[in-house]
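Going down the list, the protein sequences come from chains B and Y.
Heads up, the first sequence is in this note's numbering, so the first residue is 1 and it goes up one at a time.
Heads up, the second sequence is in this note's numbering, so the first residue is 1 and it goes up one at a time.
Check before you lean on any hint, since a few could be wrong.
Claimed, not checked - Partner residues are not named here, just some residues of chain B that face chain Y (Cβ under 10 Å, in silico): (1) D15; (2) T25; (3) G28; (4) D30.
Quick caveat, the hints were computed from the structure, so don't treat them as lab data.
Ideal Cβ positions, reconstructed from N, Cα and C, are used throughout, including at glycine.
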Amino acid sequence: MNEFKLKILDLLKEDARLSASTIATMLGADEADVSAAIAEMERDHVIVKYATVVNWSKVDDEKVTALIQVECTPERGRGFESIAERIYLYPEVKSVYLMSGAYDLQVEIEGKTLKEVASFVSNKLSTIESVIATKTFFILKKYKQDGIIFEEFEDDQRLLVSP
Amino acid sequence: MITNQQTRGKASTGGMDRYLSAGARAIPPSGIRRFFDLVSASKDSSIISLGVGEPDFVTPWHIRDAAVYSLEKGKTQYTSNAGMLELREEIAGYLSKQFHMQYEPENEIIVTIGGSEAIDLAIRALVEPGDEVLIPEPSYVPYNPITSLGGGVPVGIETFAKDGFRLTEESLRAAITPRSKLLILSYPSNPTGAIMSYEDMLPIARLVEEHDLIVVSDEIYAELTYGSKHVSFASLPGMKDRTILVSGFSKAFAMTGWRMGYACGHPELIGAMLKIHQYTVMCAPIMGQVAALEALKNGMDEMYRMVESYNQRRRLVVQGFREIGLDCHEPQGAFYVFPSIESTGLSSEEFSMRLVRDAKVAAVPGHVFGTGGEGFIRCSYASSVAQLTEALERIAQFVQQLK
């Protein structure tokens with residue numbers, strides 16, 4: 001990945017709605033080059049999606065999120081790939097990571113109620129053959145996600161005019 | 001007894017200024033302050049301010065955390081007058097690494113309460129009544145009143161947009177008289193964003209030598225240059241002993257409220273400044289010193305990240321003003337643009353007042369920065385991209401309506 005693309009990603013990661021022309025101005029680059037680089041990264045799935053970070057706790061329709069540590073037996077030849085796939089294809093699964101340490105996969109589940117999440121774990125996750133054990137941890141509050149702090153800070157605290 | 005009460009009573013009903021020293025009476029209130037009062041009085045939360053002379057970043061957390069931890073550990077004492085030796089050593093190492101300047105931590109560096117105190121100390125230690133102090137303008141405001149306060153005579157030297165607001169050999173030569181003693185250099189410049197390269201400063205250094213001047217070089221924005229690395233005036237041939245280098249942590253490390261600065265120079269000059277410093281403030285606050293130490297030890301990456309971000313916004317704002325049709329020389333340092341508003345036919349005062357009132361954007365009128373500032377406004381780009389974009393749109397509309 002060249003430096004130019006990294007700089008574009010740095011800007012987009014903060015604000016996905018920045019236009020190619022604004023990015024070009026900010027980097028002192030050509031708009032056409034920026035557009036081409038973005039198109040290339042979209043094609044290569046470097047840029048996967050322009051999603052919105054939502055603080056769901058502010059939305060009436062609240063969600064229940066849990067992190068589940070999954071221990072499982074890897075398959076000969078394919079390791080954890082196919083187990084991970086069987087898990088991540090469920091729409092209620094928000095993220096899946098292969099971990100080093102005491103367990104193998106970390107799975108993030110989102111549901112409407114505690115019951116819904118519990119039933120997913122017992123009916124869908126634990127029943128997968130190679131899954132040996134699961135530990136479920138419910139998330140009580142999100143303080144920061146993807147580098148973005150959810151707590152509201154005071155606005156700009158600077159004096160309006162200063163030397 | 002009765003007479004005393006009568007005197008006090010009389011005094012409290014007015015006429016207190018008869019107690020004031022001539023110096024305090026003579027210095028004008030800051031023009032920026034006046035504009036601040038005006039903007040603040042409107043209490044309009046929709047105003048976007050480009051008038052702020054400080055970073056929009058909060059001090060990086062590791063620096064704040066270091067200060068909090070030191071408080072927990074009970075670090076609440078005086079430090080040595082010149083500042084903690086460990087901090088002075090770190091400053092020496094930093095200046096050597098960044099700007100190739102060698103200073104002895106023991107007797108050539110003093111830690112001050114912001115760069116502001118260092119400027120005050122330097123001028124107080126050097127200027128006698130009648131001495132002329134050469135100040136390239138438009139410039140940061142305090143040099144002039146501090147000079148006057150000590151009986152010195154400030155001599156503004158106008159610099160021009162066509163020269164990129166650099167001080168030129170010709171204009172300096174023209175301003176020098178037998179009474180000239182001190183030259184103030186302040187590059188990268190607040191308010192113009194101008195910088196001076198090694199080649200730009202070489203003829204200045206020759207004149208300084210020729211006329212036996214001494215220089216206070218305020219390099220508080222040294223880290224905030226774009227495209228070329230800052231050159232310290234003290235690093236020019238023969239200039240180290242003639243220069244008091246003033247800098248600090250406010251701008252580079254987003255630490256304005258900590259009030260941490262320093263001055264470096266010849267031991268005899270720093271020694272004289274230290275005398276004044278020990279009687280007036282004793283030492284800079286210890287929690288600020290601890291924070292500054294952390295900034296130098298572990299804050300460089302974060303600092304470079306902030307500089308990169310200023311640079312991106314600088315390009316955005318320069319481009320914005322040019323699209324609006326206001327001439328804007330490209331600033332290569334600090335975080336200000338200084339566009340010309342001459343084409344609108346308004347004075348900078350009138351332009352700024354109307355801009356706040358009609359477009360809800362605050363920018364500082366150029367004339368408060370001294371001679372050569374009329375016809376310009378100072379806009380800080382230390383604001384979010386969203387705010388800058390909105391402000392530029394409002395200014396564009398405002399200028400359009402003037403036509």
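Hint by hint, here is what the structure shows:
Restraint check, B/D15 versus chain Y: the minimum CB separation of about 7 Å is within 10 Å; hint holds. Checking B/T25 against chain Y by beta carbon gives a least distance of about 5 Å; that is within 10 Å, so the hint holds. Interface restraint check: B/G28 against chain Y, minimum CB-CB distance 5 Å, threshold 10 Å, status holds. A cut of 10 Å between beta carbons decides the hint on B/D30: the least distance to chain Y is about 13 Å, and the hint is violated.
Hint 4 from the list above is the single one not met by this structure.
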